[in-house]
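Q: Sequence:
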Amino acid sequence: MCASPHEITLEIRPTARFDVIDITQQMASDLEDFLAQYRRSLYCSYHTTAGYLEQSLCARLNNSRERLDSFLHLFRHLFPPNADYEHDKLHLRHELSDEQRRTEPKNADSHLAFIGGGLKNCVTYINHDPETPVYFIDLDGVSEHGARTRRTTVMGYDREELVGELEHPVPVSGHPIDSVNLRDEEIGLFDRLDELVRWHGITKGRIDISLDTGESQAGLSVNEYETLLMRNDLVDVLKNPVQFMAQHGRDALRNPLTIPGKTLNYAQYDFVQVLNELMDKTRMSESFLEKVLAKFMALPASRFLRMKRGVSLLVTDRDGNGKGSIVQGTYQSPILIQWAKAEGQTRRLKIQLRQFS
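When you line the sequence shown up against my numbering, it's residues 1 to 357, in that order.
Hints listed in this document are in silico derivations from the structure and should not be mistaken for laboratory results.
Please read all numbers here as calculations on a predicted model, not as lab measurements.
Ideal placement from N, C-alpha and C gives every residue a C-beta, glycine not left out.
Hints may be right or wrong, so weigh each one.
[As the list claims (entries may be wrong)] Under the rule of at most 30 Å between Cα atoms (straight-line distance), these lysine-lysine pairs were calculated in the DSSO-like manner:
1) LYS89 <-> LYS106
2) LYS239 <-> LYS323
3) LYS106 <-> LYS308
4) LYS239 <-> LYS106
5) LYS308 <-> LYS89
6) LYS323 <-> LYS350
7) LYS89 <-> LYS323
8) LYS350 <-> LYS308
[Unchecked claim] Label-pair distances were calculated between CB atoms; the ranges are:
9) GLU185 <-> ASP317: 36 to 44 Å
10) LYS89 <-> SER64: 36 to 44 Å
11) VAL163 <-> THR103: 39 to 47 Å
12) SER173 <-> THR330: 38 to 46 Å
13) PRO169 <-> ASP98: 34 to 42 Å
14) PRO169 <-> PRO130: 38 to 46 Å
15) ARG318 <-> VAL163: 41 to 49 Å
16) GLY310 <-> ARG198: 16 to 24 Å
17) ARG231 <-> LEU57: 46 to 54 Å
18) ARG60 <-> SER216: 19 to 27 Å
19) ASP319 <-> LEU57: 29 to 37 Å
All chains should be modelled from the sequences, with the hints used to inform the complete structure.
A: Okay, structure coming up:
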C-alpha cells in the first residue's frame with residue numbers, strides 16, 4: 001500500500017426516494033481493487049439530503065442493509081413527508097424562480113432527517129476489508145419529477161498528517177435557539193480556511209471543523225442554509241422535539257386509548273413503538289437502545305438528535321494544477337446550530353488541516 005492518494009467521482013442513480021446504495025459495487029466495476037490499494041478512504045457527498053454514516057455506527061449495525069434501514073426508519077418516522085413544513089411552502093421561497101418552483105421537491109423532512117440522524121457529507125473509513133459495503137444513503141432520491149443524479153467522490157490514501165491548526169470565533173445571537181451559516185462571508189471562516197490550505201500547499205487532504213471542547217448545547221452539520229428550513233422548521237424541532245413529533249407525525253396517535261399510563265405523552269409512546277421495532281429488526285443490544293430511549297425522554301434536543309460536534313471538508317487539486325481547494329456541493333454549507341445561549345454570544349471553533357499521503 002504505497003500508492004499516491006487518488007480520487008474517483010461516481011454518478012449514482014437512486015431507484016426510490018429512500019435508497020441505500022453500496023457504492024463499493026460500482027467502484028469495483030469502475031476501477032477494480034481501488035479500495036484494496038489504500039489503508040483509508042474518504043467519501044464525500046455533494047448533496048444536502050444524501051450522505052454517509054460514520055464507520056463506527058455502520059459496524060455497530062454489522063454493516064447490514066436491513067439493520068441500517070431500520071435505524072434510519074426511526075428518523076424518517078420522526079420527520080414524516082408532507083407535514084406542513086415551512087420549507088415546503090414554495091410560494092414563500094423568494095429565492096426560487098417561477099420555473100424552479102415548478103420543479104423544486106418538497107423535501108424538508110429529508111433535510112431534517114439528515115441533520116437529526118447524524119448523516120455527514122464527508123466521512124473517513126479505515127479499509128479493513130474491501131468486501132465490506134459502504135452505504136451512500138439517499139433520503140430524497142426520487143421525486144414526482146423523476147430520479148435525481150447524485151455524485152460522490154472517493155479519495156483513497158494511506159496516511160494523514162496534521163499540518164495546521166487554528167481557532168475561529170463565531171458570533172451568535174442572544175436567542176437560545178440559533179443557526180449560523182459558516183459559509184457566510186461576514187463570518188470570515190472560509191477566507192481563513194482557504195489561506196490555511198494555500199499556506200501549507202495542500203493538494204490532497206481534509207479540513208476538520210469542530211466545536212471547542214468548552215462548547216456545549218450546540219452542534220455542527222453540513223446542509224442547505226435555507227431561511228424557512230433553518231429559522232422555522234429546525235427551530236420547531238429544537239424547541240420541543242416531542243411536541244414537534246406529536247404535531248407532525250402523521251402515523252402517530254393511531255390508537256391513544258392503548259397508551260399504558262399517563263406518564264408518557266402520545267408522541268413519546270409512539271416513539272417507544274418505533275424503538276421496539278428497531279430493536280427487533282437490528283438485534284442491537286437492549287442496553288444500547290435503552291440508552292437511546294432514556295436520552296430521548298430526557299430531552300432537550302441535545303438528547304434527541306444525533307447532532308455532531310464536528311464536520312469535515314475535502315481538499316483536492318482536482319484539475320491537477322497543484323493548488324488544492326475546498327470541495328463542496330452547490331447548496332452545501334457548514335452550519336452551527338445551538339439550542340441554548342452561548343456565553344458572550346460567541347461560539348469557538350477548532351480547525352485542523354490534514355495532509356494525505
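Q: For each hint given before, does the structure comply? Return the numbers of the non-compliant ones in rising order.
A: The structure conflicts with hints 2, 7, 9, 12, 15 and 17, although it agrees with all the remaining ones.
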